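Asker: Chain by chain, the residues run as shown.
Number of protein chains: 2
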Amino acid sequence: MAAPGENLRINGERLWDSLMEMAKIGPGVAGGNNRQTLTDADGEGRALFQKWCEAAGCSMGLDQMGNMFALREGTDLDALPVYVGSHLDTQPTGGKYDGVLGVLGGLEVIRTLNDLDIKTKHPIVVVNWTNEEGTRFAPAMLASGVFAGVHTQDWAYDRVDAKGKKFGDELVRIGWKGDEEVGARKMHALFELHIEQGPILEAEGKDIGVVTHGQGLCWLQLTIIGKDAHTGSTPMPMRKNAGLAMARVLEKVEEIALSHAPHAVGAAGHIDIYPNSRNVIPGKAVFTVDFRSPELAVITDMEARLRVAAQTICDEMGLEVEFEKTGGFDPVEFDETCVAAVRNAAERLGYSHRNIISGAGHDACWINQVAPTAMVMCPCVDGLSHNEAEEISPEWARAGTDVLFHAVVETAEIVE
Amino acid sequence: MAAPGENLRINGERLWDSLMEMAKIGPGVAGGNNRQTLTDADGEGRALFQKWCEAAGCSMGLDQMGNMFALREGTDLDALPVYVGSHLDTQPTGGKYDGVLGVLGGLEVIRTLNDLDIKTKHPIVVVNWTNEEGTRFAPAMLASGVFAGVHTQDWAYDRVDAKGKKFGDELVRIGWKGDEEVGARKMHALFELHIEQGPILEAEGKDIGVVTHGQGLCWLQLTIIGKDAHTGSTPMPMRKNAGLAMARVLEKVEEIALSHAPHAVGAAGHIDIYPNSRNVIPGKAVFTVDFRSPELAVITDMEARLRVAAQTICDEMGLEVEFEKTGGFDPVEFDETCVAAVRNAAERLGYSHRNIISGAGHDACWINQVAPTAMVMCPCVDGLSHNEAEEISPEWARAGTDVLFHAVVETAEIVE
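Sequence lines, in order, name chains X and R.
Going by our numbering, the first sequence opens with residue 1, and the numbers climb by one from there.
Going by our numbering, the second sequence opens with residue 1, and the numbers climb by one from there.
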């Protein structure tokens, strides 16, 4: 494949200006963004993106899930397009870069090709996936999931938000439901640039994360049933303290995750105890354990061991425990050739880099099931995301997009 | 002192009928009661109690905190009265017996004396203390606390409920603010009958608990500050998991309480973690530890050891911890002579009994600061209280009131 020369770089200032311009739509209350999927602000953001793409000479496609596709023609009419993109929707208290950098980075790839008057054999398509965040309409990565055949379109349309509004109705309401069949497009490859949403790259001073795997996930909700009782008048041996049993299970979560160091992780982010009164021993604890690993066997092992450990703890204390699997997906191994293209690009450009595993879910994780896929990551300050204080530097954005540009263009093959 | 003969018993059916009649006022949604303090239902309950007392020949007193005093004359005009009673107010989802048994048990003492035409040297006064529960207007045991000089009356009047209404205004509104100075009455002794609100008597098959002490209490609220972070993309060694630190502290609470077995207890009933989302490592945990013991030195030791243990755990994990003492009172040692009167009564009547420590707070705990005081406890099903399903048997109510009768009348001295 013909790769760009190492002197070819994207326009970092133009990229940053576009990021700042997009961030004006759906501003948050604390300097970030609230541009949730299928809101009026989402519609405005889409219109601005489409205007920019058309100005860059692209033709637009729109499918029945609202996924947007901006096409720059290739020279070979039989060659499948190389896709590049992410999502423009944000969390309710989201940052300016999560998702947006991947979409506008894709646009910057096309703008740079135009600047340099470079033709590629394969067409290049910049994509904006609908509802990656999943906050308004669960689950996350909804439209890329339908594209990859993970969910049916009808099921996706029936998802409701907190006010009872349906995804399908809201998509029509904002005017971004297209005619194109979802998932009909075939891809030569797909690349997604994303902020790390973790602290590793910044801590190690690396410019680029070459994403080799996406962690698989198991969400296990535990309900421990003890007995509400007065904190004063119930002797210690007669207590059935569901909060204490939960504490012992949380210690096991840590122990089990650490037994699969360094890549496995585990924690409980969601904890509710009942009746949650200072002078009542908790009679019930409900909490969700989140285990992740890039290896399916490790996830399976962690879940199985936690079930045994929690059952043992509760049996010893005379409590009941119920398990519900509330979420999960298998680990992702990204395409070897695409991953190599990312690594080669970082090398060629002289950016420091390391292999990294994506701990969060991304549209690329679903698309990897139907097309050769890879991801590029850039650092973010303090690992912070899903937070209005999310921050990256213009240099990090530039480096990530430079690598994206080189990987995409090498894969799309420059026509000399 | 002249005690009643062992053949003298209260009228268990009349007592039970009165309990059932009172329970019709402020019915709960699940078979119990919602007769919260200073509501219209509380006013109705007071009126019924007053009607019964007057029918039993008592003269009524009412102080500026709404505490009600029904006097049966003694033969010695210089002898201080023996007080007996508890409270008629309930929790929002309260039972039919908590407090009510102690008041109507006191009334039954007077009715029985009338039946038998027994005169006592000391007058006997049945008391209904205002706002023992403290649910609507915190803190609990408010009016007995003012009576004992623990709180000022003005401070009590300024307590507000969840709707912003003041205790003082609501007391006037329901028409039960009296003229009598609070705490002016001097007492020869006070006895309070109460359901155990714990499981010990039922489990051991004992009829009567002879309450020797009231546990002291320390409420320590801990706030552990870690760092919110993504459950997937944050490596285990870089986490500051406030939920895990809390789990380790909860294990210490158990360990510290058990080190002072059998009388000390400890638990955390109230736990909130933030942001409480399944895919965010908890950045903050706020929870309240409730330590109790009948010995002040033990409470002091438990609090001090927990502070050190929590600080050590958080230091090792790189987290911050803050402590706030949110409540506490010293242990109570009830009056030796009054306690002996209760024990003697149980012996004389042939009821099985054991010494017991009150784990909950009661009006008697405050009055013990200003008068010789003791308590009688009867079992309750499954240790349940502050719950509409609270239950006792008529036999338990009868036995407890028999013991109350004998202890009160022995202390008030029968005039032969």
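Misleading hints may appear alongside valid ones.
Each computed DSSO-like pair below joins lysine-lysine, with the alpha-carbon atoms no more than 27 Å apart [stated by the list, open to error]:
| no. | chain 1 | residue 1 | chain 2 | residue 2 |
| --- | --- | --- | --- | --- |
| 1 | R | Lys-186 | R | Lys-121 |
| 2 | X | Lys-284 | R | Lys-186 |
| 3 | R | Lys-227 | X | Lys-252 |
| 4 | X | Lys-227 | X | Lys-325 |
| 5 | X | Lys-165 | X | Lys-177 |
| 6 | R | Lys-177 | R | Lys-165 |
| 7 | X | Lys-284 | X | Lys-227 |
| 8 | R | Lys-325 | R | Lys-284 |
| 9 | X | Lys-284 | R | Lys-252 |
| 10 | X | Lys-227 | R | Lys-252 |
| 11 | X | Lys-121 | X | Lys-51 |
| 12 | X | Lys-252 | R | Lys-284 |
| 13 | R | Lys-227 | R | Lys-186 |
| 14 | X | Lys-284 | X | Lys-252 |
| 15 | X | Lys-252 | R | Lys-186 |
| 16 | X | Lys-186 | X | Lys-121 |
| 17 | X | Lys-24 | X | Lys-165 |
| 18 | R | Lys-284 | X | Lys-284 |
| 19 | X | Lys-227 | X | Lys-186 |
| 20 | X | Lys-325 | R | Lys-284 |
| 21 | X | Lys-252 | X | Lys-227 |
By construction, these hints were calculated from the structure, which means they are not laboratory data.
Being a predicted model, the structure only gives us computed values, none of them experimental.
Asker: Work down the list of hints and note, for each, if the structure agrees.
Answerer: How the hints compare with the structure:
1. R:Lys-186 / R:Lys-121: holds, 16 Å
2. X:Lys-284 / R:Lys-186: Cα-Cα ~46 Å, so violated.
3. R:Lys-227 / X:Lys-252: holds, 21 Å
4. X:Lys-227 / X:Lys-325: Holds, at roughly 24 Å.
5. X:Lys-165 / X:Lys-177: holds, 16 Å
6. R:Lys-177 / R:Lys-165: Answer holds: Lys-177 (chain R) to Lys-165 (chain R) is near 16 Å, not above 27 Å.
7. X:Lys-284 / X:Lys-227: Roughly 7 Å between the alpha carbons, so the hint for Lys-284 (chain X) and Lys-227 (chain X) holds.
8. R:Lys-325 / R:Lys-284: Holds - the C-alpha atoms of Lys-284 (chain R) and Lys-325 (chain R) are around 18 Å apart, at most 27 Å.
9. X:Lys-284 / R:Lys-252: holds, 20 Å
10. X:Lys-227 / R:Lys-252: It holds: about 21 Å lies between the C-alpha atoms, which stays within 27 Å.
11. X:Lys-121 / X:Lys-51: holds, 25 Å
12. X:Lys-252 / R:Lys-284: Within the cut-off at roughly 20 Å; holds.
13. R:Lys-227 / R:Lys-186: violated, 57 Å
14. X:Lys-284 / X:Lys-252: holds, 19 Å
15. X:Lys-252 / R:Lys-186: violated, 58 Å
16. X:Lys-186 / X:Lys-121: holds, 16 Å
17. X:Lys-24 / X:Lys-165: holds, 26 Å
18. R:Lys-284 / X:Lys-284: holds, 21 Å
19. X:Lys-227 / X:Lys-186: Measuring from Cα to Cα gives roughly 57 Å; hence the hint is violated.
20. X:Lys-325 / R:Lys-284: Between Lys-325 (chain X) and Lys-284 (chain R) the Cα gap is close to 26 Å, so the pair holds against 27 Å.
21. X:Lys-252 / X:Lys-227: holds, 22 Å
In the structure shown, a violation is registered for the earlier hints numbered 2, 13, 15, 19, in ascending order.
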